[in-house]
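All chains, please: the whole structure from these sequences, using the hints.
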Amino acid sequence: MNRYIVLITTALLIISLNACSSRHDVYISNTGEGSVSIEVSLDEMLISYSRDLLGGFSGSNSDDIRLFDPDKIIYSISDLDSVALTEINSESADKLYMDLIFQDPGNIFGSSEEQQVPDILTFSTSRVDGKNIKKLSLFLSKDNFSSALSLLGMNNSEILDTFGPQDNPYTDAEYLDLMEFLFEEYESSWKIRSIVKSSEVLINLKIDGKIINCDGCTSSEIGSNAIIRIPLLDIVTLEKPIEVVVEWE
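For reference, each letter of the sequence shown is one residue, going 32 to 280 in the numbering used here.
These are computed hints drawn from the structure, not numbers from a lab. Heads up, a few of these hints could be off.
Stated by the list, open to error - Heads up, simulated EDC-like pairs for lysine to aspartate or glutamate below, C-alpha to C-alpha not over 20 Å straight-line:
#: 1; residue 1: Lys271; residue 2: Asp198
#: 2; residue 1: Lys228; residue 2: Asp208
#: 3; residue 1: Lys222; residue 2: Asp125
#: 4; residue 1: Lys271; residue 2: Asp203
#: 5; residue 1: Lys126; residue 2: Asp102
#: 6; residue 1: Lys126; residue 2: Asp100
#: 7; residue 1: Lys222; residue 2: Asp239
#: 8; residue 1: Lys237; residue 2: Glu274
#: 9; residue 1: Lys237; residue 2: Asp100
#: 10; residue 1: Lys228; residue 2: Asp265
#: 11; residue 1: Lys241; residue 2: Asp56
#: 12; residue 1: Lys166; residue 2: Glu64
#: 13; residue 1: Lys222; residue 2: Glu205
#: 14; residue 1: Lys228; residue 2: Glu218
#: 15; residue 1: Lys241; residue 2: Asp160
#: 16; residue 1: Lys222; residue 2: Glu75
#: 17; residue 1: Lys228; residue 2: Glu270
#: 18; residue 1: Lys241; residue 2: Glu211
#: 19; residue 1: Lys271; residue 2: Glu216
#: 20; residue 1: Lys173; residue 2: Glu205
Predicted model only: the values in this text are computed from it and were never measured.
Following this line, the structure appears as structure tokens:
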């Protein structure tokens, strides 16, 4: 397979991971058990591009092209000890829906096998002033980014070295230039940049208890819900680590 085609194809998959719309509904009980519902929707620009590129290369009917491979995702998740997939649906090329349950959010991605590489999620309980305080921390950096793709079966992709976060990180402007180059035949320059800049991962967190601290959250209610919005550009460039800390009692 032509390496240039492989690079461009996987670049598309990485963009599709964060997609043009990605929503994660997360529930965590007092014991740490919980569930995640993930819904990903792709922009038509990405669908047209993938059908032309993958269909042209493979000779497949463009309507049969699927960016999300449920079988591969099921296989990848089966390797994760603390996560179970309860539902997966990708009936159309532009959408993916998954439901998962877990025993401990800190073990969803497992611990890194490399020394000094921080875990993406950690979860702990401590006793403070007679109260049990739960703490969930998210830390995403270029060092653990590949582990974040494990739920979609992409954690071992060598193409991450080219299109994922770099040791010398892309700036937002550089990444936008790259996306404009990839999709210039499908949309105008301003539309491509608008799509990428407006893309985000939305996490709707609901817990059993009362939130007392929410660093990195877009907003938090005085209660049991927190909204976390992470721009796509922050994820694919990772010029600096993404950190979110939620504490509740």
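Results for each hint:
Distance check on the hinted pair: Lys271 and Asp198 sit about 11 Å apart at the alpha-carbon level, within 20 Å; holds. Note on Lys228 and Asp208: the hinted pairing holds, with a Cα-Cα distance of about 12 Å set against a maximum of 20 Å. For the given pair, Lys222 sits about 18 Å from Asp125 by alpha-carbon distance, which is consistent with the 20 Å threshold. Under the criterion of a C-alpha separation no larger than 20 Å, the hint pairing Lys271 with Asp203 is consistent with the structure, at around 12 Å.
Among the hinted pairs, Lys126 with Asp102 is consistent with the structure: their alpha-carbon atoms are about 15 Å apart, no more than 20 Å. Among the hinted pairs, Lys126 with Asp100 is consistent with the structure: their alpha-carbon atoms are about 11 Å apart, no more than 20 Å. Proximity of Lys222 to Asp239 is assessed by CA-CA distance (about 41 Å); at most 20 Å being required, the pair is judged violated. Restraint check for Lys237 and Glu274: the C-alpha separation of about 18 Å stays at or below 20 Å, so the hint holds.
About 29 Å separates the Cα atoms of Lys237 and Asp100, which puts this hinted pair outside 20 Å; it is violated. Taking the CA atoms of Lys228 and Asp265, the gap is about 10 Å. The hint holds against a cut of 20 Å. The suggested pairing of Lys241 with Asp56 holds, with an alpha-carbon distance near 18 Å, which does not exceed 20 Å. Taken as a hint, the Lys166 and Glu64 pair is honoured in the structure, with Cα atoms around 14 Å apart against an allowance of 20 Å.
Note on Lys222 and Glu205: the hinted pairing holds, with a Cα-Cα distance of about 16 Å set against a maximum of 20 Å. The suggested pairing of Lys228 with Glu218 holds, with an alpha-carbon distance near 14 Å, which does not exceed 20 Å. Restraint check for Lys241 and Asp160: the C-alpha separation of about 16 Å stays at or below 20 Å, so the hint holds. Simply put, Lys222 and Glu75 have alpha-carbon atoms about 12 Å apart, close enough for the 20 Å limit, and the pair holds.
Between the alpha carbons of Lys228 and Glu270 the distance comes to roughly 15 Å, so the proposed pair stays at or under 20 Å and holds. Annotation: proposed proximity of Lys241 to Glu211 is violated, straight-line Cα distance about 44 Å (limit 20 Å). For the hint pairing Lys271 with Glu216, the CA-to-CA distance comes to about 32 Å; that exceeds 20 Å, so the pair is violated. Distance check on the hinted pair: Lys173 and Glu205 sit about 17 Å apart at the alpha-carbon level, within 20 Å; holds.
Hint check: violations occur at hints 7, 9, 18, 19; the rest are consistent with the structure.
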